[in-house]
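Peer 1: Each chain, letter by letter, is given below.
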Amino acid sequence: MSTRILSVSYFEDSYQYLEIDKQSGGYFPRPAPQTATVEALLAACRQADEIYINAAMPSALYEWENFPKVAKKYLANVVMQDAREKIGEGSAPQVQHKVLGDVTEAGVTKSRIAYIAVQPEDLTPLWTTFGKFGKKVKAISPLSVALASMAAKIDRPSENFAVVWVGPNSSMITISSPEGVVKVARTVPLGLPQGEAISDPEALRVFSEEFGREFFMTSTFFKQEFREGVPNLLYFLGHTQLADIFREHPLPGAPADVRFSLAEPPVKGISDSQANELVHLIANLYLPDEFSFLPEEAAPARTGDLAYRIALAAMVLIIIGVGFWAYRLNGAKQERLAEYEKQVAAIEKLQDEVLTLRGDVERLQPLVGWKKFYEETFQNRPAWNMVFSELGLLLPENIVIDEFRLIPQRGPVAGKVAGEMSGSIKADNWEAGLEVLRDFGANLQSSPVFEVVDVNYAPEDVQKITKVFNFKIRLNLLKRGSAHAS
Amino acid sequence: MRLKAGVIVVGVLIIVQLLMFAYFLSQDKQIIDLALKDLDSRRQQLAAEKADLQNRIKELKSMISAIPPWLLAGFEDPEAGFVEFLDFLQSDTLKAVKGTVTVKSRDFTQTPIPLHQTAFSFKYQFTTTYEAEKFINYLLFQERYPLQVTGFNAKKSETGVVGGDLSVSLLIPARLQIPLPSSSEKVESR
Chain L
1 MSTRILSVSY
11 FEDSYQYLEI
21 DKQSGGYFPR
31 PAPQTATVEA
41 LLAACRQADE
51 IYINAAMPSA
61 LYEWENFPKV
71 AKKYLANVVM
81 QDAREKIGEG
91 SAPQVQHKVL
101 GDVTEAGVTK
111 SRIAYIAVQP
121 EDLTPLWTTF
131 GKFGKKVKAI
141 SPLSVALASM
151 AAKIDRPSEN
161 FAVVWVGPNS
171 SMITISSPEG
181 VVKVARTVPL
191 GLPQGEAISD
201 PEALRVFSEE
211 FGREFFMTST
221 FFKQEFREGV
231 PNLLYFLGHT
241 QLADIFREHP
251 LPGAPADVRF
261 SLAEPPVKGI
271 SDSQANELVH
281 LIANLYLPDE
291 FSFLPEEAAP
301 ARTGDLAYRI
311 ALAAMVLIII
321 GVGFWAYRLN
331 GAKQERLAEY
341 EKQVAAIEKL
351 QDEVLTLRGD
361 VERLQPLVGW
371 KKFYEETFQN
381 RPAWNMVFSE
391 LGLLLPENIV
401 IDEFRLIPQR
411 GPVAGKVAGE
421 MSGSIKADNW
431 EAGLEVLRDF
441 GANLQSSPVF
451 EVVDVNYAPE
461 DVQKITKVFN
471 FKIRLNLLKR
481 GSAHAS
Chain X
1 MRLKAGVIVV
11 GVLIIVQLLM
21 FAYFLSQDKQ
31 IIDLALKDLD
41 SRRQQLAAEK
51 ADLQNRIKEL
61 KSMISAIPPW
71 LLAGFEDPEA
81 GFVEFLDFLQ
91 SDTLKAVKGT
101 VTVKSRDFTQ
111 TPIPLHQTAF
121 SFKYQFTTTY
131 EAEKFINYLL
141 FQERYPLQVT
151 GFNAKKSETG
161 VVGGDLSVSL
171 LIPARLQIPL
181 PSSSEKVESR
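Chains as they are written, first to last, in our numbering: chain L, 1 to 486; chain X, 1 to 190.
Calculated from the structure, these hints are not laboratory results.
In this text the structure is predicted, and so the values were computed from the model without any measurement.
Errors might be hidden in some of the hints.
In silico lysine-lysine, DSS-like type, Cα no more than 30 Å apart, as pairs [what the hints assert, rightly or not]:
#1 Lys98(L) / Lys69(L)
#2 Lys479(L) / Lys123(X)
#3 Lys156(X) / Lys479(L)
#4 Lys479(L) / Lys61(X)
#5 Lys134(X) / Lys416(L)
#6 Lys416(L) / Lys155(X)
#7 Lys110(L) / Lys22(L)
#8 Lys155(X) / Lys426(L)
#9 Lys50(X) / Lys372(L)
#10 Lys61(X) / Lys372(L)
#11 Lys50(X) / Lys61(X)
#12 Lys110(L) / Lys98(L)
#13 Lys371(L) / Lys50(X)
#14 Lys372(L) / Lys58(X)
#15 Lys342(L) / Lys123(X)
#16 Lys104(X) / Lys123(X)
#17 Lys50(X) / Lys37(X)
Construct all of the structure, not just a fragment, from the sequences and the given hints.
Peer 2: Dropping the structure here:
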């Protein structure tokens with residue numbers, strides 16, 4: 001994904017522009033437009049993602065000054081005050097500055113600051129033209145700043161250097177620090193010879209001499225202003241023919257190191273000659289953050305932009321937070337759903353098991369009746385087959401049993417069947433009979449067949465010589481495990 | 001500017017939707033928690049019922065094991081059983097005690113199991129207890145015919161002969177229609 005950059009240069013009251021694609025591999029200029037009308041420029045602005053603008057800005061004042069150290073928030077006012085003093089009290093310049101560091105002056109530490117002050121008349125046309133594109137406009141700077149910054153960033157010179165850009169009708173001479181901060185810049189009304197003059201050696205000689213004077217004036221001013229020597233490095237940029245011209249007609253007083261191109265091509269995909277002719281547009285790609293004269297309206301926009309970014313960041317954080325919360329909730333829900341399904345499956349299995357067990361119980365339940373039937377018919381039957389022989393064993397000689405009968409009832413009760421026997425005892429007296437009956441009852445009670453319930457004992461006829469006493473014993477017949485036990 | 005506003009609106013909508021989604025998730029979670037509690041209660045109830053039923057089946061199986069299989073095999077047909085019993089009575093043992101038998105009422109009862117009930121009355125005589133007990137042993141202590149003694153009387157006469165009356169009910173059950181379920185074995189194995 002590439003960023004579409006529009007680079008604009010406003011020079012000699014006309015616009016030139018170049019569309020450049022910023023890709024991961026570098027900057028790739030598109031073919032330069034044949035006609036740079038304002039309409040075409042505005043159309044290009046609408047399609048661009050970012051816009052960078054430079055202009056001659058002839059009113060620009062380039063200053064390097066030492067200021068007393070003040071708080072950062074007051075620095076802009078101090079610089080502005082200085083600029084007003086230098087330009088004139090009635091002016092309202094736009095000022096941009098850069099703090100270069102601290103210097104000691106007469107034992108006092110001061111801030112070394114470079115600033116550029118530009119009159120509104122150089123900026124208003126640009127603001128008017130490009131104001132509607134708002135945030136797309138990333139920088140508006142003097143051409144000198146763009147050229148110096150490009151040379152410094154690409155070639156990284158070790159000392160002050162000069163850049164001479166030659167335009168069709170006027171040129172720009174710039175002297176800059178190694179970091180690309182402009183120290184002196186001048187627009188000179190001297191352009192590349194046009195038409196037949198370009199091949200006229202006399203015209204070219206005159207051009208070189210005139211340019212030499214302009215450069216001499218500039219370097220002299222620089223020497224006076226900064227107390228430094230003339231830069232030893234000079235770039236001639238703007239046209240490929242400059243090399244031929246100044247080699248044929250060397251610039252009077254030119255430094256020893258004169259170059260006609262940068263060490264590396266600033267963009268890719270075009271020839272060196274094309275790059276040299278478009279260098280004033282390409283230089284915008286290397287504009288520093290400082291010294292950008294964006295309109296004041298952009299300030300609130302930037303504030304708004306900051307607020308927007310903060311809001312966006314907050315929104316993203318909230319979305320991430322809520323999203324994470326929802327993600328965890330969803331995880332918890334899924335866990336519970338899985339647990340729910342597991343429980344349902346377990347309950348269904350339990351229900352099936354319980355239903356099966358209920359069916360089994362229902363099938364087996366009738367056998368309870370069979371058990372009871374078995375107990376009543378076979379298991380708990382009294383030892384009928386032992387009644388008579390057991391009585392025969394236990395019966396004393398003087399007792400006669402007349403009757404043994406069952407007391408009618410429905411089946412055995414707890415394995416016992418109620419019965420009754422009656423008979424008589426021969427004894428000398430009632431007490432003797434009772435004693436015999438007691439022995440008999442005790443024997444019955446100790447028998448595994450009988451269980452005595454109660455005894456009824458009475459004399460038959462007290463007048464008889466041989467006393468006979470009747471008795472009646474109610475008893476239970478006990479169950480035996482099996483008749484075969486006998 | 002429109003793009004910014006659009007981004008903000010979309011962002012707010014996303015946040016609102018996420019919040020709603022999270023709210024619904026939270027509600028779902030609470031509902032599932034309640035349902036889980038109910039399920040747990042239901043599961044415990046079923047587990048308790050299962051344990052009770054298993055114990056009951058164990059008891060029933062234990063009880064069934066006490067019933068002789070020959071009894072459960074029962075009779076093919078009540079009438080056939082009745083006739084078979086009459087044939088059983090044609091025995092020298094009954095003749096030895098000069099016994100007579102009278103068939104009395106016949107009816108059908110449902111409890112404790114469906115069965116055909118026939119009342120018999122026996123009269124017999126004996127002079128020695130051996131004779132009487134041989135007869136009683138023959139009649140009551142066989143393992144084929146379910147009998148229930150409803151009356152028993154033995155009375156000695158002036159001649160020393162004892163006359164006995166014995167009333168029994170022949171209880172012929174309908175054949176058991178339920179084979180012992182194999183599932184019960186499964187239940188026990190669980």
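Peer 1: Against each hint, give a clear statement of whether it holds in the structure.
Peer 2: The hints, checked one at a time:
Between lysine 98(L) and lysine 69(L) the alpha-carbon distance is near 14 Å, which keeps this suggested pair within the 30 Å criterion. Restraint check: the Cα-Cα separation between lysine 479(L) and lysine 123(X) comes to about 24 Å, which is no more than 30 Å; the hinted pair holds. Annotation: proposed proximity of lysine 156(X) to lysine 479(L) holds, straight-line Cα distance about 25 Å (limit 30 Å). A distance of roughly 25 Å separates the Cα atoms of lysine 479(L) and lysine 61(X); the hinted pair therefore holds under the 30 Å criterion.
Pair hint lysine 134(X) plus lysine 416(L) holds up; C-alpha atoms about 22 Å apart against a cutoff of 30 Å. With a C-alpha separation of about 22 Å, the suggested pairing of lysine 416(L) with lysine 155(X) holds against the 30 Å cut-off. Pair hint lysine 110(L) plus lysine 22(L) does not hold up; C-alpha atoms about 40 Å apart against a cutoff of 30 Å. Restraint check for lysine 155(X) and lysine 426(L): satisfied, since their Cα atoms lie roughly 19 Å apart, inside the 30 Å limit.
A C-alpha spacing of about 26 Å is found between lysine 50(X) and lysine 372(L), which places the hinted pair at or below 30 Å, so the restraint holds. For a cut-off of 30 Å, the pair hint linking lysine 61(X) to lysine 372(L) stands: about 14 Å separates their Cα positions. At most 30 Å may separate the alpha-carbon atoms for a hinted pair to count; lysine 50(X) and lysine 61(X) meet this at roughly 16 Å. At roughly 14 Å between alpha-carbon atoms, lysine 110(L) and lysine 98(L) fall within 30 Å of each other, so this suggested pair holds.
Of the pairs offered as hints, the one joining lysine 371(L) and lysine 50(X) holds, with about 24 Å between alpha carbons and a cut-off of 30 Å not exceeded. For the hint linking lysine 372(L) to lysine 58(X), the alpha-carbon distance of about 18 Å falls within 30 Å, and the restraint holds. Only pairs whose Cα atoms come within 30 Å are accepted, and lysine 342(L) paired with lysine 123(X) is rejected, the gap being roughly 73 Å. A threshold of 30 Å between alpha carbons decides the hint, and for lysine 104(X) with lysine 123(X) the separation of about 13 Å falls inside it, so the pair holds.
In summary, the hint linking lysine 50(X) to lysine 37(X) is supported, as the alpha carbons are separated by about 20 Å, within the 30 Å threshold.
Consistency with the previously given hints fails for numbers 7, 15, ordered from lowest to highest.
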